Amino acid sequence: MAQASAFAPPAGLADALAVTLLLLVAAGATAVVLVRARVRQVLVLSVYGLLLSLLFLAFQAPDVTLSELTVGSVLLPALLLLTLAKVRKREE
Amino acid sequence: MTPAARRLVFLVGAAGLAVFYLFGLSGLPGFGRYPGPYGFIVNRVTVAQTNATGVVSAVNFEYRGFDTVGEEFILFAAAAGMAVVLRHLRGEHEGAPLEEAADRDLPPTSDAVRMVALLFTGPIVLIGWWLASHAQASPSGGFQGGVVIATGFVLLYLSGEFQVFRRLTPADVTAAVEAVGAGGFVGTGLAAVAMSLPYLTNFLPLGTVPGAVSSSGTIALVSFFVGLEVTAAFILVIGELLRQTLLLRGGKS
Amino acid sequence: MQIFPFIVVVWIVGIGLYGIVTSRHLVHQIMCLIVVQSSTYVLLLAVGYLTGGAAPYFSDIPTRTRAVDPVVQALALTDVVVEAAVTALLLSFAIQAHKRFGTLDPQELASLRG
Numbered sequence: 001m002a003q004a005s006a007f008a009p010p011a012g013l014a015d016a017l018a019v020t021l022l023l024l025v026a027a028g029a030t031a032v033v034l035v036r037a038r039v040r041q042v043l044v045l046s047v048y049g050l051l052l053s054l055l056f057l058a059f060q061a062p063d064v065t066l067s068e069l070t071v072g073s074v075l076l077p078a079l080l081l082l083t084l085a086k087v088r089k090r091e092e
Numbered sequence: 001m002t003p004a005a006r007r008l009v010f011l012v013g014a015a016g017l018a019v020f021y022l023f024g025l026s027g028l029p030g031f032g033r034y035p036g037p038y039g040f041i042v043n044r045v046t047v048a049q050t051n052a053t054g055v056v057s058a059v060n061f062e063y064r065g066f067d068t069v070g071e072e073f074i075l076f077a078a079a080a081g082m083a084v085v086l087r088h089l090r091g092e093h094e095g096a097p098l099e100e101a102a103d104r105d106l107p108p109t110s111d112a113v114r115m116v117a118l119l120f121t122g123p124i125v126l127i128g129w130w131l132a133s134h135a136q137a138s139p140s141g142g143f144q145g146g147v148v149i150a151t152g153f154v155l156l157y158l159s160g161e162f163q164v165f166r167r168l169t170p171a172d173v174t175a176a177v178e179a180v181g182a183g184g185f186v187g188t189g190l191a192a193v194a195m196s197l198p199y200l201t202n203f204l205p206l207g208t209v210p211g212a213v214s215s216s217g218t219i220a221l222v223s224f225f226v227g228l229e230v231t232a233a234f235i236l237v238i239g240e241l242l243r244q245t246l247l248l249r250g251g252k253s
Numbered sequence: 001m002q003i004f005p006f007i008v009v010v011w012i013v014g015i016g017l018y019g020i021v022t023s024r025h026l027v028h029q030i031m032c033l034i035v036v037q038s039s040t041y042v043l044l045l046a047v048g049y050l051t052g053g054a055a056p057y058f059s060d061i062p063t064r065t066r067a068v069d070p071v072v073q074a075l076a077l078t079d080v081v082v083e084a085a086v087t088a089l090l091l092s093f094a095i096q097a098h099k100r101f102g103t104l105d106p107q108e109l110a111s112l113r114g
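Chains A, B and C are the protein sequences, given in the same order.
Number 25 in my numbering belongs to position 25 of the first sequence; there are no gaps in the numbering.
Number 55 in my numbering belongs to position 55 of the second sequence; there are no gaps in the numbering.
Number 50 in my numbering belongs to position 50 of the third sequence; there are no gaps in the numbering.
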């Protein structure tokens with residue numbers, strides 16, 4: 001087996017970071033589901049995407065962080081807001 | 001079924017799911033104790049075998065390249081499916097954007113938004129292009145680069161008007177770019193078959209320096225094609241949704 | 001800490017499914033579906049994590065360093081991008097449903113005919 005990595009944070013710090021981010025992600029998921037106003041929910045989803053990318057970074061996965069950052073914080077909220085604009089227009 | 005009854009059925013089902021899930025967790029080695037040999041083997045041999053230092057991209061485009069072809073075609077099919085689903089229904093026609101917006105009293109785009117968007121569009125496209133072409137070296141790759149460039153186009157729509165976005169991304173050019181991306185990936189695999197090697201074998205020269213841009217053979221090429229395809233697919237998707245806001249039902253407005 | 005990430009995963013799945021079941025608006029349902037999908041990314045990365053492991057990129061660290069599992073990262077990476085496109089397809093279905101039936105309430109849509 002290869003030598004122990006000197007390029008990762010010390011175990012206690014990495015654990016604390018992972019636990020904090022996991023709790024934030026769980027809270028973010030609850031917030032996304034329970035917020036009922038549409039546009040506000042889309043913004044909460046954008047923040048949730050950011051929290052997820054931080055969690056992926058703490059899990060030593062920079063590639064997934066890059067994807068989730070762009071997709072979850074920009075592209076998905078843009079698609080959702082465009083749909084809401086279209087649907088709300090018909091409701092007028 | 002009343003909402004309360006629906007909620008009760010869901011809670012019963014969720015309780016059952018949680019019990020089975022926690023029972024299944026008892027057999028796992030625990031968080032942080034990944035045991036499996038596959039990941040360790042891939043980490044050990046990738047740099048020597050493919051001259052790529054970005055192991056995740058090497059896994060995506062070389063060791064598990066066939067799965068990535070499938071995923072890319074899910075993306076392709078989703079974009080095509082959107083175009084089909086959002087076709088004009090009978091009696092709908094597209095209104096001119098100005099008369100559509102006349103009944104909405106939106107403030108004009110502020111100068112700050114326009115300037116920030118203008119400043120950032122160039123660097124975003126550059127960063128996306130860099131990401132799509134450096135798959136083998138660092139945390140980058142076709143998928144990430146593609147979505148970043150698509151974000152640049154969304155920024156273009158935010159800074160200007162829909163007409164500018166539409167003029168810069170004509171539907172046939174975007175569709176052609178998407179086809180080139182998807183076909184290029186499959187074509188690279190088929191080129192290997194034409195040389196009587198298995199599909200998607202890495203047949204290009206591997207280069208001398210691990211992690212250089214010109215190293216790792218087909219991984220860099222395939223990543224570039226994937227970047228093209230992802231960009232075009234997301235631009236098509238956003239363009240479809242933007243076009244929807246202009247459609248009018250016949251007669252009503 | 002042994003199973004804490006996996007408990008967070010099942011919590012996210014549960015709350016997302018709760019949102020889908022009790023939703024009164026199709027776009028809200030789609031957002032809850034996004035939440036459920038995100039739980040799978042967390043699960044994949046938690047399965048492959050190695051305590052003390054570095055990120056699996058060897059351009060600036062020696063090749064024999066202990067690194068986390070790259071295969072699950074590859075799966076999660078393509079997952080994120082592809083499921084965004086599938087979500088876009090679902091949104092287009094929601095738009096067409098609204099055009100056709102005039103409502104976005106899933107409980108009313110369930111009782112419509114044709």
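Think of the hints as simulated: they come from the structure by calculation, not from any bench.
Since this is a predicted model, take the numbers as computed values, not measurements.
C-beta: ideal position from N, C-alpha, C; glycine also.
Any given hint could turn out to be false.
Among chain A residues calculated to face chain C with C-beta under 8 Å, some are [said to hold, decoys possible]:
#1 V32
#2 V74
#3 T83
Verification of the supplied hints:
1. Taken as an interface hint, V32/A checks out: its beta carbon lies about 5 Å from the nearest beta carbon of chain C, inside 8 Å.
2. The beta carbon of V74/A comes no nearer than 10 Å to any beta carbon in chain C, farther than 8 Å, and the hint placing it at the interface is violated.
3. Against a cut-off of 8 Å between C-beta atoms, the interface hint on T83/A holds, since the closest Cβ of chain C lies about 5 Å away.
Checked against the numbered hints given earlier, this structure breaks only hint 2.
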